[in-house]
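Got two chains here, each in a separate frame; can you build the complex from them with the hints?
Those protein sequence lines, which keep their order, are chains A and B.
Numbered according to our numbering, the first sequence spans residues 1 to 190.
Numbered according to our numbering, the second sequence spans residues 1 to 292.
No lab work stands behind these hints, which were simulated from the structure alone.
Computed footprint of chain B on chain A, listed as stretches where at least three residues anywhere in the stretch have a Cβ under 8 Å from a Cβ of chain B:
#1 58-68
#2 86-98
#3 151-158
Pairs of lysine-lysine, BS3-like flavour, derived with a Cα cap of 25 Å:
#4 96/A <-> 132/B
#5 264/B <-> 33/B
#6 132/B <-> 53/A
#7 19/B <-> 33/B
#8 246/B <-> 264/B
#9 292/B <-> 274/B
Here's a subset of chain A near chain B, in silico, CB distances under 8 Å, partners left out:
#10 72
#11 73
#12 74
#13 148
#14 170
#15 171
As the structure is a computational prediction, the values presented were derived from the model and not from experiment.
The C-beta atom is built at its ideal place from N, Cα and C for all residues, glycine as well.
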Amino acid sequence: MIGLADRAARRLGDRLESLPVLPRVGVDDISGLPSEPLRQVKIDDATAAYVAKMRDPFELLRQAEAQLAGLLVLATAGGHAIAGHPMLELAAEAVKQAEDGIQTIKAPPPALHHYHHVVQALRAIAQATAQARRVLRPRDDAAIDAVLGPLRAAHQNLLWATTALPGFEVVALSQACCANHTATAKRSSP
Amino acid sequence: MSDYSIWVLEYGAVPNAPKGITVHGTFNQGTVKLPYCYVVIKGKGHLAMVDVGYNDKDYGKVIADSYGVQNWQAPAAVLAEIGATPGQVTQAFITHAHFDHMGNTDDFPNATFYVQEREISKWVWSLSLNRKFRWLNAATDPGDIMRIVDLARQGRLVSVQGDRADVIPGVDLHEAFDTHTWGSMFVNVRNDGKPGSADCWIFAGDLIYSYANLEGYDPADPQYIPIGLATGSQINVLLKIEEMIKLAHGETRRVIPIHDEGLKDIFPSRISAKGLRVTELALAKGEASRVK
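The following block holds chain B by itself, in its conformation from the complex (with noise of 0.2 Å):
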């Protein structure tokens, strides 16, 4: 029996984004459904997720206007189909701060948020550099540093170094550095507790896009392909992608992909009235189903 129930929630989607952004090469190959998703984990007393997704109150009619996202739903709405609330929400875990990833920290006014130390200081860093550089923190969002700076105030940032066993019990945080983005991190969760074990749920935030960055296409044959963009290296992101499936004891489909629309055909989900997806990979003791 599960020690916590996991879902993955979608929020808003891009219906048509290209696929080269999913899997680096594939261009000029069509687009897929990219839906924006973040993952709520219930059980021992917490109700903690991966990231938060993006501020639509600062940039949510920019971006459906002109990206293309679509149908985005406040957290009290994408929650309620799994029966809970924003306020309800005890730990946040940031796989990295762009702002589509950290960026509605104010809708979760109990939570208190985990991130990598290296992310803030080196996002900060990078601040200083040439303006040249300014490629490396233009998706950033100057008012997410802001709010950053009143969750330290509050008491409500832990600036986690590194590797860091049983945040919550049986959830393990994982640097992934210098991939993705400088500070980037995976989340492990153990869902009977037991070191090593294998059945766990990986969450890697964007190391990966869809389970071809974890497989290739050729099944025969498979092979890591990376996702485009990378603030650090691609040779880290394919170490990092080695090292979650190793924890996943090779089972990659435990290694989720949020922004995957084929999730819906691996795990039990449903299209909530909203239109939007909610994909259930497990259900603690007393847990109703929130698909069925």
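Just chain A, same shape as in the assembly (with noise of 0.2 Å):
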């Protein structure tokens, strides 16, 4: 049976088709494209408004990374509830929302680099998905492999995009025990 997941990687190339410029990177392919320090890049107005559209949609696939991250440990420690596992539903829909919302966000030039990225994760993400609902099963390495693979790449895709313009993180360093919440006070603010 065809998933959500499925469809939504389809409909997610149909996109990436249209993309000026950037070659593409497949889910397999980690190796990336160099990154502009973050300092040099500059905010022009459009590019704060793409800031401020693609924060949730990022926020959305690094939960659904998250949550089928979780879904691989409960399956390498032998769990046998997978199958159905309420956090398969909510990383699944967690990508549609994004899927939706990055569909409706053009990126300006300062962006492409990120928007690139974020493509890329969502696609990763997606398979990572599909791959759970077909195969994932308690310590069969094959089958945690078929999600791990994807993941791996999607994580390392949400990393990238990180550095290519500000605002996004993977990991809320602000809410880290030690986080020097000084600086963290000037980031955040407007």
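Have a look at this one:
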């Protein structure tokens, strides 16, 4: 049965064909692209608007990634309730919401690099979700690898996205035990 | 004579962290240097660590640029200060699953990692909550979760069920559930191997950041004061502080706050050529000092 995540992956595949310039990065290729140092990116109004719109989809992708990784922990530890696990449906829903949000966003030139990595991450997480629906079984190394591979690619693309534009975090460092909250507050100020 | 040599090794620092994050309530009282450290326990054929720091490959530049963490050094450079290498590490006791304590598992390829099962299971559980609860896992790294999967598949992850005595001889793990995190734990090194020993060293992870958490600010009227951040209960934090002090037979200096820059004023220490502090708590027979 074709799942929600499969349809999501195909719709994004169509959209990727219309992206200008940037080379494709497949889910198995995590060599990535060089990132411009964050401080050198000039944030014009259009880019600031892009950042504001993309934050929610990015956070949804991060959430889905974490949930799928959590399912892998359960699979590795031999959990018996992975198929139909509520967290799988939560991840799939997060992917769908992220995709819906990303589809409404037009990336201005300074944001194209970031947009590329977010889209790559979405494709990879969508693939991981589809694999988790189809094959994830407890303690089945091949099944776990089928999910872990694209999930790692997604994680790497999210990390690269965080270096392409400010305002995105894979880990909320401001919530860390030992973060310098003074610096955090200054960063968060409009 | 001590069974183990023990060092607290700084691997980076925030030079001007707000004091209020270390002792709750001390807002607008200036800043303190907040060192990032891990602990090395050497002896009886083991080279064990308490926590392994954060993954600089993924976050180093972000942390350095945005949060003021300076002078991060890789484990190879840090452990070299005590004549050890990351490949020699045999066990790592992870006090809790925040990224800055268990993020660097990749750098210790031969270590077995011990973490409370409750920490992992509640962490995964928190991911299934409504998005409004996302604060609960904001400081956990999805990459760390995937690294746990790898460790488990390699047979290098031990899920600890509560208290565990003699995980290596004379070293005990103690649960600190529902404190800083759901499944935090602290480590007690009984350095003569005797049950209930007063010759002990307690490593509290992030249960405490400073001796002020253990003693307050009035020597004539001591009190326990928690740090600011607790996913669980501050009452439980204070109860665990008391438990740790009792294990140390009331000698609070033996309950080690690794984030306290004041360790250098209490224990023999030196600053390395890379500008990082090496603090020496104990030396086993035949072990040369690394600070003198």
